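Number of protein chains: 2
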Amino acid sequence: MNLETIGQQARQASYALAMLSSQKKNEVLQTVAQCLRANQDPILKANDQDMEKGKQKGLNEGLLDRLKLDPARLEAMADSLLDIVKLEDPIGEILEERILTNGLKIQKKRVPIGVIGMIYEARPNVTLDAFSICFKSGNAVILKGGSDALLSNIAITQCIQTGLEQCGVDPFSIQLIESTSHEDTQRFMSMTKWIDVIIPRGSARLIQSVMNNAKVPVIETGAGNCHIYIDNTADLKKAVEIVYNAKTQRIGVCNAAESLLVQKEIAPKILPLIQKRLNEKEVCLKVDDEAYAILKEQPGRIEHATAEDWKTEYLDYILSVKIVSDVQEAIDHINQYSTHHSECIVSEDPQAAQQFLDQIDSACVYWNASTRFTDGGVFGLGAEIGISTGKIHARGPMGLKEMTSYKYTIQGNGQVR
Amino acid sequence: MNLETIGQQARQASYALAMLSSQKKNEVLQTVAQCLRANQDPILKANDQDMEKGKQKGLNEGLLDRLKLDPARLEAMADSLLDIVKLEDPIGEILEERILTNGLKIQKKRVPIGVIGMIYEARPNVTLDAFSICFKSGNAVILKGGSDALLSNIAITQCIQTGLEQCGVDPFSIQLIESTSHEDTQRFMSMTKWIDVIIPRGSARLIQSVMNNAKVPVIETGAGNCHIYIDNTADLKKAVEIVYNAKTQRIGVCNAAESLLVQKEIAPKILPLIQKRLNEKEVCLKVDDEAYAILKEQPGRIEHATAEDWKTEYLDYILSVKIVSDVQEAIDHINQYSTHHSECIVSEDPQAAQQFLDQIDSACVYWNASTRFTDGGVFGLGAEIGISTGKIHARGPMGLKEMTSYKYTIQGNGQVR
Chain A
158 MNLETIGQQA RQASYALAML SSQKKNEVLQ TVAQCLRANQ DPILKANDQD MEKGKQKGLN
218 EGLLDRLKLD PARLEAMADS LLDIVKLEDP IGEILEERIL TNGLKIQKKR VPIGVIGMIY
278 EARPNVTLDA FSICFKSGNA VILKGGSDAL LSNIAITQCI QTGLEQCGVD PFSIQLIEST
338 SHEDTQRFMS MTKWIDVIIP RGSARLIQSV MNNAKVPVIE TGAGNCHIYI DNTADLKKAV
398 EIVYNAKTQR IGVCNAAESL LVQKEIAPKI LPLIQKRLNE KEVCLKVDDE AYAILKEQPG
458 RIEHATAEDW KTEYLDYILS VKIVSDVQEA IDHINQYSTH HSECIVSEDP QAAQQFLDQI
518 DSACVYWNAS TRFTDGGVFG LGAEIGISTG KIHARGPMGL KEMTSYKYTI QGNGQVR
Chain B
158 MNLETIGQQA RQASYALAML SSQKKNEVLQ TVAQCLRANQ DPILKANDQD MEKGKQKGLN
218 EGLLDRLKLD PARLEAMADS LLDIVKLEDP IGEILEERIL TNGLKIQKKR VPIGVIGMIY
278 EARPNVTLDA FSICFKSGNA VILKGGSDAL LSNIAITQCI QTGLEQCGVD PFSIQLIEST
338 SHEDTQRFMS MTKWIDVIIP RGSARLIQSV MNNAKVPVIE TGAGNCHIYI DNTADLKKAV
398 EIVYNAKTQR IGVCNAAESL LVQKEIAPKI LPLIQKRLNE KEVCLKVDDE AYAILKEQPG
458 RIEHATAEDW KTEYLDYILS VKIVSDVQEA IDHINQYSTH HSECIVSEDP QAAQQFLDQI
518 DSACVYWNAS TRFTDGGVFG LGAEIGISTG KIHARGPMGL KEMTSYKYTI QGNGQVR
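Chains A and B are the protein sequences, given in the same order. Under this note's numbering, the residues of the first sequence are numbered 158 to 574, in order. Under this note's numbering, the residues of the second sequence are numbered 158 to 574, in order.
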């Protein structure tokens, strides 16, 4: 299938989608859920083939687990569509309205963005997530998933298209790019006429590559070098538990903590307690010289940090540790090295906390709570297509509203200027 | 000056700017207005040198007029700063607030974007406009103006920096790139670490070049291939006056009409009336065959349109004219050829009008009013840094609010997940 044709079809579908009623959109989502259940066998069979190829190719356990579908996972995917049905349709909301002295009535109205391009890794569930969020917000979507999940993605996309057709809705509301060539990916990211925005989802490397090569506007997502700063006034117990939770509750996610900053006066007291708690998960600490001096006699894995550690998102049982003199040094360090995702201050001093909340240049800034809460569901958005670490268009978790734009309509009776 | 240094200085300044009170920002704007008045002589002298070079280089009248500063224009520029003082400061607004069942208090708060890059042509007044809007919204700005205005821009920037220093505010809140090399412009557009968004302002060609070459996110602005569609139910007088106004009131602006679509039944009646009115300004009509047949016996300039005409922004006394069978054909044509800026339907049929307002994929869609109203001032934004024709981040006129982002702050008392 020619990429230009895919783009043109998506644009055409987007015009019809923008006009669909909430009721019709919900009908489609329910029908697609039924189709997923009815087509469990062909989808699982396609996934088996992907898994087989993946094993032959030597994909690691983590990747294979993300690729794997089974009846329970498919059932959860179908259920997730029904969750989207329950969410309020953002389209058509009047954001502002004014009548000018010359009688012109200006309305600012929420509309879909149009055509969304998604580039992601070999995770077939993202195929359905991307569709459901884009569709409910009135957008057509073009998907470019990881090649290791190609057969699974084809089967899921066909199933969705069947559901769309059953409801009399343009099946090109979702399209999958089956080509795995680098050139086609590059061309896809350059189709400014047909695609309004590209959202990459996956590793820092994938996101960076899209940011560097796309001509279509990109919303940067995901990579999280998240920091926790422990102020000299911190409650020791809160500090230990927040660090333990943010680092170890789930290591492979973007809102996990990767770096710990500790105010120098409290460091000798708190660092051994933190290390002790993290030893339960055998976390390796990459520490600066001062922290090394404090921890070297204690049991636990410690290594000297290098400059590279301050900017590393480990996604592993590893945490970098640095001693700082005050909240300002912590803020400066974080603003320099973070990926602007989620950061936390643990402190009982409201003034230091406010300074941190105000001056940290990240999407989500916490005071005395784990960074693990950064999530569209937790924040009440109902669903999440990604977490923006950029400042343009959307920041933090992106739900249905973040997949919209607006337009002005102006009604007159012959006014000229 | 090294570009990396400029970027780093801008980022540093942006952190302080984000914390400035509205009162302090207004004090700076007032001080800069005074500095402009006090430094009239050196600014006009620098502008004289630019004008002299421009004449030697053979710049046309229009370009020289845009480059030219005089005491009255400088006075108007100083006054414009005081207009910005009057506008409400958007920073710090709480956009949303919720308390979760676990006690976490989540606030979504409006913050500056950070560092704005502006790329524009040889119009020294834009230097001041860009500063005042970026500054009041708490952003640092890096400017890359047209090389023909370099000396004027240096003088104005120095004057602004003097005002900033007098108020004890980081003078790097505004910086001008003095290099005119293509490589430096390319490097400027690639500094994703230091610049959050680039806003190009100028010709379609300049904007396209920035869109194609920037790695920093770009907000597409300005180019306006604006359409007027006359429906079969149109009021003849309204139609004639709207077309006349939208085409001729000011030809060089992005909200001027460039293309006229006429429903075929009303065409024999309305086209001669429109032509007669446009003859007052000697407008040349580039018409399709059907329109040619209607107009060929009438006095006035007509030429056969080519496919190229449908996508041309003339910015001249030229209007393309096409006969269509109904509102749907008009919508399809416009969505295919427009630059998504401003379009108008002239109609007395509310159903056709609603269809047009709903389905036209442009920033501003008019019913019975001239497209010339698309403007930040008219829309009540108070000021305008450009008109976005993209759908990401901002659409239509961009004022202070459109120069902001938001962040989430989350307050807890030790919550973990």
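By construction, these hints were calculated from the structure, which means they are not laboratory data. Source: prediction; values computed, not measured. Some clues are possibly wrong.
As the list makes no split between identical chains, a pair holds if one copy fits it or if it spans any two.
Straight-line Cα separation of at most 20 Å, EDC-like style, residue types lysine to aspartate or glutamate; simulated pairs [said to hold, decoys possible]:
1. LYS181 to GLU245
2. LYS243 to GLU232
3. LYS214 to ASP489
4. LYS558 to GLU250
5. LYS214 to ASP198
6. LYS558 to GLU253
7. LYS372 to GLU245
8. LYS212 to GLU454
9. LYS266 to ASP532
10. LYS372 to GLU460
11. LYS262 to ASP532
12. LYS395 to ASP489
13. LYS372 to GLU340
Self-check item: Broken hints, by number
Solution: 3, 5, 7, 8, 10 and 12
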